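K.L.:
Reassemble the complex: the two chains are provided individually, in unrelated frames, and hints are given to aid placement.
Heads up: the protein sequence lines correspond to chains A and B, in order. With the working numbering, letter number 44 in the first sequence gets 44, and the count goes up by one each step, no holes. With the working numbering, letter number 7 in the second sequence gets 7, and the count goes up by one each step, no holes.
These are computed hints drawn from the structure, not numbers from a lab. A hint or two may mislead.
To be verified - Cross-link-like lysine to any residue pairs, in silico, SDA-like; alpha carbons within 25 Å at most:
| hint | chain 1 | residue 1 | chain 2 | residue 2 |
| --- | --- | --- | --- | --- |
| 1 | A | LYS374 | A | THR266 |
| 2 | B | LYS53 | A | ILE413 |
| 3 | A | LYS40 | A | GLU59 |
| 4 | B | LYS180 | A | THR266 |
| 5 | A | LYS374 | B | ARG167 |
| 6 | A | LYS450 | B | GLN221 |
| 7 | A | LYS35 | B | ARG167 |
| 8 | B | LYS53 | A | TRP412 |
| 9 | B | LYS106 | B | GLU96 |
Computed from a prediction, not measured in an experiment: that's the story for all the values here.
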Amino acid sequence: MSRPSQSFTAGATELCQDLDHRQRIQTAMGNYEIKRDENKARFLNWGEARAAAAAVKDEAVNHLDKYLTQFAERLAARGTTVHWARDAREAREIIANIAREASVRRIIKSKSMTTEEIHLNEHLAEQGYDVFESDLGEFIVQLRHEPPYHLVFPSMHLTRHQISDTFAEKLGSARVTEPEELTLIARRVMREKFCQADMGISGVNFGIAETGMISVTENEGNARLTTALPRVHVALMGIEKILPRLDDLALFWPMLATAGAGQPMTCYNSLFAGPRQAGEPDGPEQFHVVLLDNGRTAMLADAEQRDSLRCIRCGACLNVCPVFRNVGGHTYGTVYGGPIGSVITPHLRGLQEWTHLSFASSLCGACTEVCPVKIDLAHHLLRNRRNAVGQKPPLLENLIWSGFACAMRHPWIYRVGARLARLLQPWHNLVKGSALDPFRAWTRTRATPKIAGQTFSDWWERHRA
Amino acid sequence: MKISLFIPCYIEQCFPRAAISVVKVLERLGHQVLYPTAQTCCGQPAFNSGAWKQAREIARHALTVFRDAEVVVTPSGSCGAMVKVFYRELFHGEPEYQEACALGDKTWEFSSFLVNKLGVSDLGATFQARVTFHDGCHGLRELHVRTEPRTLLAKVRGLELVEMAARDTCCGFGGTFAVKFPMISSAMGEAKCSAILETKADYVISLDSSCLMHLQGMFDQQRAPMRSLHLAEVLASGLS
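So that you can see chain B by itself, here it is in the shape it has in the complex (with noise of 0.2 Å):
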C-alpha cells in the first residue's frame, strides 16, 4: 500500500522521533511510505478559535496535497479528528465539501490504521518498561479509538500497562486553550499528573504528542522524573 504521512506541526518541529518511528513501523510492514512535502498544518488551530474562514484556506491546501494519496495516516487523534470530522463541518456547504469528506474517509490515526486497516497488532517490539496509557480526548471522543492502542501495547514485550485513575479525563491541554486559560490548563494537568505518577510507571504513552507536550513541560517543571513517548516510538523500538 502506498502511505501518505500528514504529520502534524509540532511533531514536524519538536518531537521528530514520532514520526520518524511511523515511517520505521510502516516500512517494516512492507508499505510504501510517502511525505508530500507541500503539506503543511490542518488548520486546527485557527479553526478552534473561530477563525473557520483562515482555517478553511489551510484546510484547502491539505486537500490539495492530498488529493491524489491512495491513504492518508497521521500520529494524532487531535489532527486526525480535525480532517475527519470537522473538515466536513468546516466545508458544510463549501464547493469542497465531497472532496473534504473523500481526504476524510482515506485518512486514518496511526493505531487504527494499524489495527483495523491492515489488521495487525504484534509488531514485533520490544520495549522493558513500566508505562500507563493517556487517551487524547479527540481520539477518543471524536475518534472512538480505545481499545486500539492497548491492542498494539499487549503485543510489545517486556511492557507492561498500568491504567491511570480517571483515565478518560481530558489533561488539560486543549490547544489555544493551553495559553487562553493558562490556569484551567494547568490545574486540569496536574490533576492528570498525579493520576500518572500515582501508576509509578516509567513512561506515559499516546497517540497525541500535543498532550505529551503540555504534560511532559509540566512534570519537567515540578522536576517529576516521568518522559513521555508517542505510540510509534514504543512500536519502533527493538526494530532493526
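Excised from the complex, chain A in its bound form (with noise of 0.2 Å):
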C-alpha cells in the first residue's frame, strides 16, 4: 500500500465517524443543490447546453496548438509577457523571477487551483516573500495553515464559530458570530494588505484565443483588487483552460456558476488583456501569463480520458459524490479532490500512488451525470484501475481473479462453491465479528446473507421436472 493510500484509509475511516461533518456537508450540499436546481432550470436546455459546452472544449483542447499559440501572440501584441511552463518546478522559478527582478516584497493572491497545484506559496514563502490569500475562504484556511478543503469552497468544512476562533486567535479579533462581522474582520486585515502589496497573483478561468484576454471569474471583488492595485499582475493558467472564442463565454460563465455554487451568474467576471496601456490612468504596470503544462500533455495523448482536459474545475463532481461528502475534502491529500482528482491525479502525480482513490469508489456515476463538460468520470475509475492492475498486477489479488475466473469458466466448480459456501456458513457464525473474521469488512457493520437452503438452480431443476 502506498502511503498517500495508507493516510486516505486512515483519514477516511476517522472522517466517516464524524457525524458533525457528515451532517455539516450534506446541509451545505443539500442547499447548493436546490440552488443549483434552480439556475439549471434558467437555461433553455440544460442537457443541450452540457453538450456545446463539451464540444466547445474538446474543439480548444484538439487544437491547443492553434488556439495556445494564437492566444499568446494576442497576448504580446498588448504588452503582456507570456511564459511557458514545463512543469511545476519551471513556474514557480518563472514567477519567483518575476517578483525578484521587479523588486517585489509583498504578494498578494486572488483564488487559485493551479497556484495550488504548484504549491506556490510555500516556494515564494521560502524565497522571504510575504504571501497573503484574498479571497476569503482561502484567506481563512491559510491562517490554520490548511489547505483548501475544497475546489471552489476552500473552508467549507468550518463552522463560523470555528472561523471566529481562527480569528481571534491568529488576528487578535473579537469573537463575534454573525458572518457579516467576520467578513468585516477579514476585510480590515485585507485592505491594508491590498494597498501594500506589489505584486498580485490571479487564476485564469478560461483564456480566450481569439482576443488575448483572460477571464477571472469571483464573488467577492478580490481578484479585481489584487489584478488591479500592485505594479505586477502574474496569473497562472493551466493549457486547457483556453477556449477559442470570447463569444463562447456567454455559455461558459453562466454554466461554471451555476454548476459551481448554484448561481446564475457570479458577481463579477473580468477581463484583462494587458498591463496599462499608453495613457491610460490605471492597471498594473507589468502583466505576465504564465501558461503550465504539468503532465496535461500526457492526458491529451490519452485518447482515453483526454476529455478530462474540458474540466473547468466548477466542483459539481465533488458537491454531489457521497464519497467526498463521507471522507471530507483533506482526506484525498490532493490538490484537486473528490472524482474529477481521483481521475487526474494518477496521471498528474503516478498510477500506482494514486490509484486507490480510483478504487475508493462506489461507481455510482453521479460525477458523470452532473458534470457540465460531460466528462466520463466514473468510467475513467474504471479505466484507472484497469491500467494499474495491468501495469503492477497485485499479486495476491491477481491469484485471486484467475481462481475466481477459473471457477467461473467451469458451471460444476461454481455448483460445488455454492454448496461448499452453505456448508461453511455455520462455521463462520463461530468466528464472525472477531479478528478471525476473514469477512470482518462486510461484518463489522453488516449482518451476513444466509445462503439458501435451495439455491435458484436447486429449485429450477424441480421445477423442470
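P.N.:
Here's what the structure looks like:
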C-alpha cells in the first residue's frame, strides 16, 4: 500500500465516523443542490448546454497548438509577457524570477487552484516573500495552515464559530458570531494588504484565444483588487483553460456559476487583455501570463481520458459525490479532490501511488451525470483501475481473480462452490465479527446474507421436472 | 417468446426467491422461460477490480452460454449494465467485440423488459403494504431505468409507494468497494438506511438484490424493523 493510500484509509476511517462533519457537509450540499437546480432551469435546455460546452472544450483541447499560439501572440501584442512552464518547478521559478526582477516584497493572491497545484505559496514564502490570500475562504485556511477543503469552497468544513476562533487566535480579533462581522474583520486586514502589495497573482478561469484575454470569475471583488492595485500582475493558467472565442463565455460564465455555486452568474467576471496601456490612468505596469503544462499534454496523449481536459474546475462532481461528502476534502491528500481529482491525480502524480482513489468509489456515476462538460468520470475510474492493475498486478489479488475466473469458466466448480459455501456458513458464525473473521470488513457493520437451503438452480431442476 | 434468464450469482445462492418470482411472472405472461444451467457470473467483480483479463475470461463464458438465446433477461440493473454497457468496453479491440455487442443488445433488465419490450405494466399482483423504492445506480445511470419499476409498482393492488429523500444517492454497496472501503460504504449505507426508515415504509424494494443485501445487512445489524424485497417478488405476489 502506498503512503498516500494508507493516509487516505486512515483519514476516511476517522471522517466517516464524524457525524457532525457529515451533517454539516450534507446540509451545505443540500442547499447548493436546490440553488443549482433553480439556475439549471434558467437554461433553455441544460442537456444541450452541456453538449455544447463539451464540444467547445473538445475543439479547444484538440487544437491546443493552434489556440495556445494564437492566445500567446494576441497577449504579447498588447504588452503581456507570456511564459511557458513545462512543470510545477519551472512555473514556480518563473514566478519567483518575475518577483525578483521587479523587486517585489509583498504579494497578494486571488483564488487559484493551479497555484495550489504547483505549491506556489510555500515556494515564494521560502524565498522570503510575504504571500497573502485575499479570497475569504482561502484567507481562512491560510491562517489555519490548511490546504483548501474544496475546489470552490475552501473553508466549507468550518463553522462560523471555528472561523471566529481562528480569527481571534491569529488576528487578535474579538469573538463574533455573525458572518457579516467575520467578513468585516477579514476585510480590515485585507484592505491594508491590498494597498501594500506590489505583486498580484491570480488564476485564470478561461483564456480567450481569439482576443488574447484572460477571464477571472469571482464573487468577492478581491480578484479585481489583486489584479488592479499592485504594479505587477501574474496570472497562472493551465493550458487546458483555453476557449476559442470570446462568445464562448456567454455559455461558460453562467454554466460555471450554476454548476459551481448554484448562482445564475457570479458577482464579478473580469477580462484582462494586457498591462496598463499608453494613456491609461491605472492598471498594472507589468502583466505576465504563465502557461502551465505539468502533465496536461500527457493527458492529451491519452485518447481514452483526454476529455478530462475539458474540466472547468467547477466542483460540481465533488458536491454530489457521496464519497466526498463522507470522507471530506482533506482526506484525499490531493490538490484536486473528489471524482475529478481521483481521475486526474494518477495521471499527474503517479498511477501506482494514487490509484487507491479510483478504487475508493462505489461507481455510482453521480459525477458523470452532473458534470457540465460531460467528462466520463465514473468510467475513467474503472480505466484507471485497469491501467494500474495491468501495469503492476497486485500479487494476491491477481491470484484471487485468476482462481475466480477459473471457477466461473467451469460451471461445476461454481455449483460445488455454492454447496461448499452453504456447508461452511454455520462455521463462519463462530468467528463472525472477531479478529479471526475473514469477512470482518463486511460483518463489522452488516449482517451476512444467509445462503439459501435451496439455490435457484435446485429449484429450477424441480420446477422443470 | 423464448426468454433466457441470466441470474446473478448472489441471487442464485442467497436470494433465490427473486429469481423464482421472475420465472413466475414471465410464465404467467405466457412466455417460455429457459435457464441455461452452464451460466455463472457476469464477471463484474473482476472487471471493477481492474482485473480485465480475468473478467474477459468470465465474460467469454457468458457469451458462449447465451450465444443462441433469443432474448436474455436479468433481474439486476448492475449485472444488466455489465452485459449491456461494460462488455462493449471490455471487448473493445478484441475478436469477440461484435458478439459482446450482440449479447448486450438482446439483454434486458427485468423491469425494463416488462415495460419496454413486452409493453405490460399490470401483472395482476396484490401486495398490501407501504413500500419505498431504491434505485440501484447502475440501473439508474447506466441503463437509465427510472420510471419502469414505478410504472409496475403503481399497478400493484394494495401497494402504496412512498419516495425516500435523496432517492438518487448511492446506498454505498458498490461491489468490492463494500469490503475494500467498508468505512465509506457503511457511512453511505447509514445515510440511505435513515432515508428509508424515514418513509415509514414496511418494505424497501429494488431491482438489485446486491444493494438490498448491503442495506438489509445494515438494518439487521441495527435491529431496525425494515424488510427488503426484489421487485419481482412484489410483482409475483398474489399470482396463483
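K.L.:
Confirm or reject each hint.
P.N.:
Now for the hints, and whether the structure bears them out:
{"no.": "1", "hint": "LYS374(A) to THR266(A)", "result": "holds, 22 Å"}
{"no.": "2", "hint": "LYS53(B) to ILE413(A)", "result": "holds, 20 Å"}
{"no.": "3", "hint": "LYS40(A) to GLU59(A)", "result": "holds, 24 Å"}
{"no.": "4", "hint": "LYS180(B) to THR266(A)", "result": "violated, 40 Å"}
{"no.": "5", "hint": "LYS374(A) to ARG167(B)", "result": "holds, 22 Å"}
{"no.": "6", "hint": "LYS450(A) to GLN221(B)", "result": "holds, 14 Å"}
{"no.": "7", "hint": "LYS35(A) to ARG167(B)", "result": "holds, 18 Å"}
{"no.": "8", "hint": "LYS53(B) to TRP412(A)", "result": "holds, 22 Å"}
{"no.": "9", "hint": "LYS106(B) to GLU96(B)", "result": "holds, 16 Å"}
Hint 4 alone, counting from the list given before, is not met by this structure.
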